[in-house]
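So the sequences go chain by chain: F and S.
For the first sequence, the working numbering begins at 1 and goes up steadily by one.
For the second sequence, the working numbering begins at 1 and goes up steadily by one.
For the record, the hints were derived by calculation from the structure and aren't laboratory data.
There could be a bad hint or two in this list.
Put simply, identical chains are the same to the list, so a pair is met inside one copy or across any two.
[Said to hold, decoys possible] Computed list of lysine to any residue pairs in SDA-like fashion (alpha-carbon distance at most 25 Å, straight line):
hint, residue 1, residue 2
1, Lys336, Ala22
2, Lys358, Arg111
3, Lys5, Val215
4, Lys64, Ala13
5, Lys170, Glu57
6, Lys170, Asp93
7, Lys358, Ile23
8, Lys336, Ala293
9, Lys42, Tyr337
10, Lys5, Thr306
11, Lys358, Gly76
12, Lys285, Arg70
13, Lys166, Gln53
14, Lys285, Glu304
15, Lys245, Arg417
16, Lys336, Ala44
17, Lys336, Arg79
18, Lys170, Glu313
19, Lys5, Glu378
20, Lys285, Arg155
21, Lys336, Met72
22, Lys170, Gln80
There are 2 protein chains.
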Amino acid sequence: MDIQKTMREKAEAAKRASRALAILPTGVKNEALRAMADALEKRAELVLEANAQDLEEARAKGLKRSYLDRLMLNEGRIRQMAEGLRQTAALPDPICQGDYSTIRPNGLEIRRVRVPLGVIGIIYEARPNVTADAAGLCLKAGNAVLLRGGSEAIRSNTAISSLLMKAAYKAGIPEGALQFVEFTDREAVDAMTHMTGLLDVIIPRGGAGLIHHIVENSSVPVIETGTGVCHTFVDETADFDMAVKIAVNAKTSHPSVCNAMETLLVHAAIAEDFLPQLARAMEEKHVELRGDARAREICPEMREATEEDWSTEYGDLILSVRVVPDLAAAIAHINKYNTGHSETIVTENLESAHRFQKEVDAAAVYVNASTRFTDGFEFGFGAEIGISTQKLHARGPMGLEALTSTKYLIYGEGQVR
Amino acid sequence: MDIQKTMREKAEAAKRASRALAILPTGVKNEALRAMADALEKRAELVLEANAQDLEEARAKGLKRSYLDRLMLNEGRIRQMAEGLRQTAALPDPICQGDYSTIRPNGLEIRRVRVPLGVIGIIYEARPNVTADAAGLCLKAGNAVLLRGGSEAIRSNTAISSLLMKAAYKAGIPEGALQFVEFTDREAVDAMTHMTGLLDVIIPRGGAGLIHHIVENSSVPVIETGTGVCHTFVDETADFDMAVKIAVNAKTSHPSVCNAMETLLVHAAIAEDFLPQLARAMEEKHVELRGDARAREICPEMREATEEDWSTEYGDLILSVRVVPDLAAAIAHINKYNTGHSETIVTENLESAHRFQKEVDAAAVYVNASTRFTDGFEFGFGAEIGISTQKLHARGPMGLEALTSTKYLIYGEGQVR
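Okay, chain F solo, but in the shape it has when bound:
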């Protein structure tokens, strides 16, 4: 089969459908999302069967446990996907909301309203739930979507997307608005990244390798998501118990996600008192610590951290630890090594808190809270398509609004310039 040609046909069909979808009434979109949820639950056995085959193959390939866990579906996870679709249906429709309005001295009436982006490409890896989540969010915001999942989940994704498409089209979504790419070759990804004029944006979701490849090669605009080298800075005035609680939560509550902490920085003035308490708490949670020279003087059981450690997203129970002379050094370390995701300071000093928030360059900058809160649901958006680590278009957790653009509507009475 000619991959390039088939891919282009899919994108063209999506683009055609996007015109009608852009002006589809909210009620039809919501009804379709609920029908998609029902279809997933009613035909769960089809999805589970496909998933069992994916899992079997992945096990035979010797893929590691964390990977298998991301790939695995069960009735509970399918119910979660369905619930996600129903929650998206219940959210306010972002389309046609206005956010700027003026009448100019010459009488022109100018309004800016939200419109869909058009056609969105989603390129993702192991998690089959992305198929349902992304489809629901894109459709709700009036966008057609081209979904390209990873090869390991191909059977699960195919089963899910077939059910979703059938239900969506039956409920009035324009035919072609939901496209699933069955090609698992890299060629399909490369075809998508060069569909300027057909795709309006590509959102990659997955590991650093995938995201880097797409950012470097795409001529379609990309929203970079995901990689998180997040820091906790324990300031001179920190409440030790609070600092330990926040650090343990940020590192261990879900080590594989992007808002988990990778490096802890501690103010030199308290390092000697604080680090032993931290080390004990981390040890209880089986976290391997890697320290700089000063940290290892205080806690000799730590391994030595190398330069590479400071920029590594472990995604695992490993934490690098560095003693810094002051707040300025902490901020400088973070701005050098972070990925622009989430950073937190634990402090009782208002000035330090304020300066940290002002000078640290990241999507989310916390005072006295765990970085684990960087998430569309926790931020009150009701949904999330990913977490942007770039500065253009959207930064931080992306809800429905991030899947829209704007349009100026101008009324005149014959004005010329």
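Go by the hints and put chain S onto chain F.
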């Protein structure tokens, strides 16, 4: 000289400066912009001298008149640049304005505030005024800027940027925040488009060739600007006099700019009555008309329009004309051939007006007004860095807000997840 190395050093210096610039008080930025304006006016003779040399070389190369006009500076144009900087100084500072704020059930206080993008690359062609305009807007929004102008204006741009840098740094802008690229080779452009991690965005301003090259090759995010294949649709119920007035204005008031009209569509029901009136008015303004078969039946003096005409930005006194059976056909033609810039309908029918605005896919969709109004000043933004024809980040005229990103600031009291 090693272009790659020097370019990287400039970008690194800009990035370092951007940290301090991001938190510089508004007063210092405004004072610097006014000092830059004063410097331009006081040392105008240096700029004019350099410009005279550029013009001489351009004439010797036989460049055409419209090009020479864009390149040419005189005292009035230098005063305009200075006034532009003073107006930018007078605009509200977009930085730290908040646009989202919530207290979550767990007590977390979440605010979203505007922050600078960081380092902006501007790649432009003949107009030396872009050097001052772009520098002023980028600095006001707290961004460092790397300016790379065209080879034909190299002496003018060098003179302007030296004056601006000296004045800016003396007034407290962090050293390095304003960088001018003296290399006119394509290699300098290609170096910029691959500075991921140093440049946060590239905004190209110039012809379709330059913009296309950058969009296709850049791994740094790009905001596409400029190309405008704009349409006027004269509906069945249009007031003929108004339609002619709007069409003549949209075509002839400034044919070389991107918001000028390139194609006129007319409803079949009125084509026979309307087109002769239009043709007379356009003839008076020396506009060459190129019609489809039906238009040429009515006005046989028109040349024949080819398929290529429908997607051509003439930038000149040429207009393509097509007779369409109805509103739907007009919308379909526009959505097929436009560049997402500006479109207008002339109509007395409310339903047609509404449907046109809803279904046409463009940054600015007008009813009964000339497309020439698509402009940051006309829209009330007080300034303009360009007109985005893409949907991501910013669409339509871009003012200061388009040069910013956002950051979430979160206050807690020890919350963990």
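Hint-by-hint comparison with the structure:
no.: 1; hint: Lys336 x Ala22; verdict: between (42 Å within a copy, 16 Å between copies)
no.: 2; hint: Lys358 x Arg111; verdict: between (33 Å within a copy, 13 Å between copies)
no.: 3; hint: Lys5 x Val215; verdict: both (23 Å within a copy, 23 Å between copies)
no.: 4; hint: Lys64 x Ala13; verdict: neither (38 Å within a copy, 43 Å between copies)
no.: 5; hint: Lys170 x Glu57; verdict: neither (33 Å within a copy, 66 Å between copies)
no.: 6; hint: Lys170 x Asp93; verdict: within (21 Å within a copy, 50 Å between copies)
no.: 7; hint: Lys358 x Ile23; verdict: between (41 Å within a copy, 7 Å between copies)
no.: 8; hint: Lys336 x Ala293; verdict: within (19 Å within a copy, 64 Å between copies)
no.: 9; hint: Lys42 x Tyr337; verdict: neither (47 Å within a copy, 44 Å between copies)
no.: 10; hint: Lys5 x Thr306; verdict: neither (48 Å within a copy, 28 Å between copies)
no.: 11; hint: Lys358 x Gly76; verdict: neither (42 Å within a copy, 41 Å between copies)
no.: 12; hint: Lys285 x Arg70; verdict: within (22 Å within a copy, 67 Å between copies)
no.: 13; hint: Lys166 x Gln53; verdict: within (23 Å within a copy, 68 Å between copies)
no.: 14; hint: Lys285 x Glu304; verdict: within (20 Å within a copy, 78 Å between copies)
no.: 15; hint: Lys245 x Arg417; verdict: between (63 Å within a copy, 10 Å between copies)
no.: 16; hint: Lys336 x Ala44; verdict: neither (47 Å within a copy, 41 Å between copies)
no.: 17; hint: Lys336 x Arg79; verdict: neither (42 Å within a copy, 42 Å between copies)
no.: 18; hint: Lys170 x Glu313; verdict: neither (44 Å within a copy, 42 Å between copies)
no.: 19; hint: Lys5 x Glu378; verdict: neither (42 Å within a copy, 44 Å between copies)
no.: 20; hint: Lys285 x Arg155; verdict: neither (36 Å within a copy, 64 Å between copies)
no.: 21; hint: Lys336 x Met72; verdict: neither (37 Å within a copy, 43 Å between copies)
no.: 22; hint: Lys170 x Gln80; verdict: within (23 Å within a copy, 60 Å between copies)
Violated hints, listed in ascending order, are 4, 5, 9, 10, 11, 16, 17, 18, 19, 20 and 21; each of the other numbered hints is respected by the structure.
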